[in-house]
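Going down the list, the sequences are from chains A and B. Going letter by letter, the first sequence gives residues 1 to 376 in the numbering used here. Going letter by letter, the second sequence gives residues 1 to 370 in the numbering used here.
It should be emphasised that the hints constitute simulated quantities derived from the structure, not laboratory data. Take the hints with a grain of salt, since some may be wrong.
Said to hold, decoys possible - Some chain A residues judged to face chain B by a derived CB distance under 8 Å, without partners named: (1) Leu46; (2) Asp49; (3) Thr96; (4) Gly105; (5) Ser109; (6) Val110; (7) Val117; (8) Lys124; (9) Thr265; (10) Ser271; (11) Met278.
What the hints assert, rightly or not - Simulated DEER-style distance windows between Cβ atoms: (12) Phe253/B - Leu84/A: 17 to 25 Å; (13) Leu76/A - Lys167/B: 45 to 53 Å; (14) Leu162/A - Lys164/B: 49 to 57 Å; (15) Arg19/A - Ile185/B: 49 to 57 Å; (16) Thr53/B - Met256/A: 28 to 36 Å.
Stated by the list, open to error - If the Cβ cut is set under 7 Å, some of the chain B residues that face chain A in the computed set are: (17) Lys30; (18) Ala89; (19) Lys108.
Predicted, not measured: the structure shown is a model, and the values here were computed from it. For each residue, glycine too, the CB sits at the ideal point set by N, CA and C.
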Amino acid sequence: MHNTIMEFLSELFSSYTLRVVALGAAVLGIISGALGAFAVLRKQSLLGDALSHAALPGIVLAFIITSSKAMPVLVLGAAAAGWLATLFIFAITRYTKLKNDTALGVVLSVFFGFGLVLLSYIQKTPRAAQAGLEKFLFGQAAAMMKEDVFLMVVAGVIVLVLLVLFWKEFKLTSFDPDFAKSMGISVRKYEMLLTSLLVISIVIGLQTVGVVLMSAMVVAPAAAARQWTDKLSIMVLLSAFFGAAAGVSGAVISSMSAKMPTGPTIVLTLSSIFILSMIFAPARGIVWGWLRELKNRRAIQTEAVLEDFYFLDAQHGGMERGHTVKVLRTMSLGHGGVERSIKKLQEEGFIRRVEDKKWVITPKGSKHIESKNIES
Amino acid sequence: MIGPELEIQFIASVVAVACALPGVFLVLRKMAMMSDAISHSILFGIVVMFFVTKEITSPLLLLGAAATGIITVGMVEMTHKTKLLKEDASIGIVFPLLFSIGVILISKYAGDVHLDSDAVLLGELAFAPFDRFVVLGIDIGPKSLIVMLVILVLNILFIAIFYKELKLTIFDPGLARALGFNPNIIHYTLMAFVSITAVGAFDAVGSILVVALMIGPPAIAYLITERLSRMLVLSAVLGVLSAVSGYWLASLFDVSIAGSIATMIGVLFVLTFLFSPLNGMIALMYRKRKQGIVFAARILLVHLSHHEGKPESEEENRYHNLDKHLHWNKERIKKIVAYAQDRKLIHIENEMLLLTDSGRKLAQTSITAS
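Assemble the whole structure, with the sequences as input and the hints as a guide.
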């Protein structure tokens with residue numbers, strides 16, 4: 001085990017391709033993680049899916065118009081199409097009775113279909129140099145080049161700077177748009193800006209993980225981060241961190257195993273992070289919920305046993321007669337946990353042992369029950 | 001024996017109707033994106049069944065896909081029910097995961113088979129007629145046509161038999177439960193049909209067009225009608241319309257048929273979005289404008305009746321002074337006065353606006369009604 005880790009580390013530092021891919025995946029993870037946090041909180045998780053499909057006609061059109069395969073050109077085309085798709089989705093939900101999910105589905109599939117039309121059109125033209133446009137569909141992280149990563153870093157820095165610059169506005173418009181409006185903030189302007197940033201982050205991720213898996217890059221890190229915190233700033237940071245970690249480890253894992261595609265591996269890593277977060281995160285996680293429920297149930301059982309002691313004492317007119325576990329167990333058929341409760345109550349001084357394996361309620365215990373009865 | 005041209009159109013139409021029918025329920029139940037999720041995650045089911053049967057055409061693939069569809073829905077609901085995640089985010093996590101596993105399995109263990117993710121996403125309708133279904137040496141027709149016809153019949157039977165139940169679970173799941181049948185059973189059965197339809201269709205048209213055909217026509221139909229029965233019929237008609245027109249668009253420009261069909265759905269959607277008499281943008285804007293004029297005319301009448309017969313009426317109710325008193329621009333005043341004149345609510349004498357009897361009455365009711 002130790003050996004493989006060393007091997008892998010030396011591989012990471014010696015292999016140029018792997019370094020480029022890992023760096024690119026990390027940058028992508030940071031950007032989509034940070035913006036995904038907003039998307040998930042604003043219930044726009046599937047917008048990422050829709051936009052990544054909708055970008056296709058923009059990419060092909062940009063290629064048809066400029067005959068260039070340069071990344072910045074294609075990214076610009078994709079961004080334009082994604083942006084247009086967003087406008088359509090907003091218009092449909094605003095002006096018709098169709099719900100958000102239907103608007104997403106229609107825009108996603110129609111844009112993508114039109115993209116296919118354009119793609120099949122250029123495939124039939126003599127300048128069949130379009131090979132490479134397909135990589136936007138399925139993603140080819142392994143083919144990532146230094147220039148691509150450079151572009152991602154530039155776009156990433158712009159996105160993050162804007163995110164920090166308009167942090168307060170984004171936060172307000174996301175959580176309390178009405179309040180934001182009353183403060184004189186143009187909610188729609190910032191919504192559009194935030195969505196535009198999401199478009200950029202999706203577009204630069206397309207060639208790495210492809211259309212289908214880009215949606216996971218947006219949703220999964222944010223969904224995982226949400227489990228650990230209720231604070232937006234921490235959630236965004238954590239989400240970016242999860243995205244980066246999954247990006248790097250996905251790239252590395254896929255490089256270590258033959259025929260292991262990078263994009264899906266990254267998504268698999270992200271999904272694992274999410275599942276672990278869902279199970280183990282403090283306060284919100286599933287395990288935590290079970291523990292809390294167990295604790296509550298035990299507290300109620302203990303109270304019930306103490307109440308039984310109180311009634312027994314009342315029936316025997318304060319004769320300080322001890323009672324066995326068996327008696328209490330009969331009384332508490334509904335709840336159980338008698339032995340544990342007796343131990344706990346004795347520790348707290350609510351009952352005391354009078355003879356061998358017999359207990360009686362103490363004045364402190366009686367007071368506890370009486371005060372509780374008054375309260376209720 | 002019909003030519004491949006007609007056959008393709010026929011296949012496309014059958015696929016369109018088969019997709020549109022369950023799609024209506026997805027749109028109405030606000031689960032449209034579930035079609036996207038299912039049509040992607042069935043890749044996982046197909047791959048697993050392929051490893052079991054070692055055959056790419058086995059009918060077991062359909063079963064595997066249907067099971068995956070139900071698993072997808074179940075996983076989404078399980079995640080959603082923990083209350084740790086909203087439904088849309090749950091969908092956004094589940095289907096990429098299943099799709100990823102599918103892609104990894106293919107690339108690791110099935111690299112040399114005709115089973116790649118391109119085919120799942122894109123599909124190719126143009127090749128569909130070449131894959132024939134031959135029984136006892138007799139060519140019955142293209143295989144995808146037979147498969148989709150069977151699926152179409154199953155869909156129609158399901159909807160016809162459980163029409164009432166489906167209707168009830170869409171519009172009032174609470175009542176459905178109170179009446180003693182479990183909406184979940186209908187729900188999961190519907191999802192199984194969606195999955196079977198998706199897996200039958202994706203081979204011919206690709207998973208994205210499955211989404212277009214499942215969501216597009218029902219969405220358009222919903223803009224036109226609000227009756228479930230009409231919506232079902234209309235969706236089917238719209239599906240056929242976009243399939244056939246899409247085919248002709250594709251053969252005109254020699255481009256992807258599936259993509260053209262999706263594009264035609266988009267065109268039909270935009271047209272309906274703009275021109276639908278009930279819910280179209282233009283009808284909506286026209287109604288809004290008209291409401292504005294009707295309301296403004298009432299304001300004018302109330303203004304006139306307020307000052308009528310009083311000394312200041314000479315000043316207040318003079319046509320050229322209205323802009324000062326009502327704070328409207330000249331253009332608007334001209335329009336509103338003309339509207340009121342047309343309806344014989346006022347008449348003008350020497351630049352003075354005078355109420356007619358019906359105008360006075362309307363002004364009165366405008367005040368008292370509020």
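Index of numbered hints that the structure contradicts, given in increasing order: none
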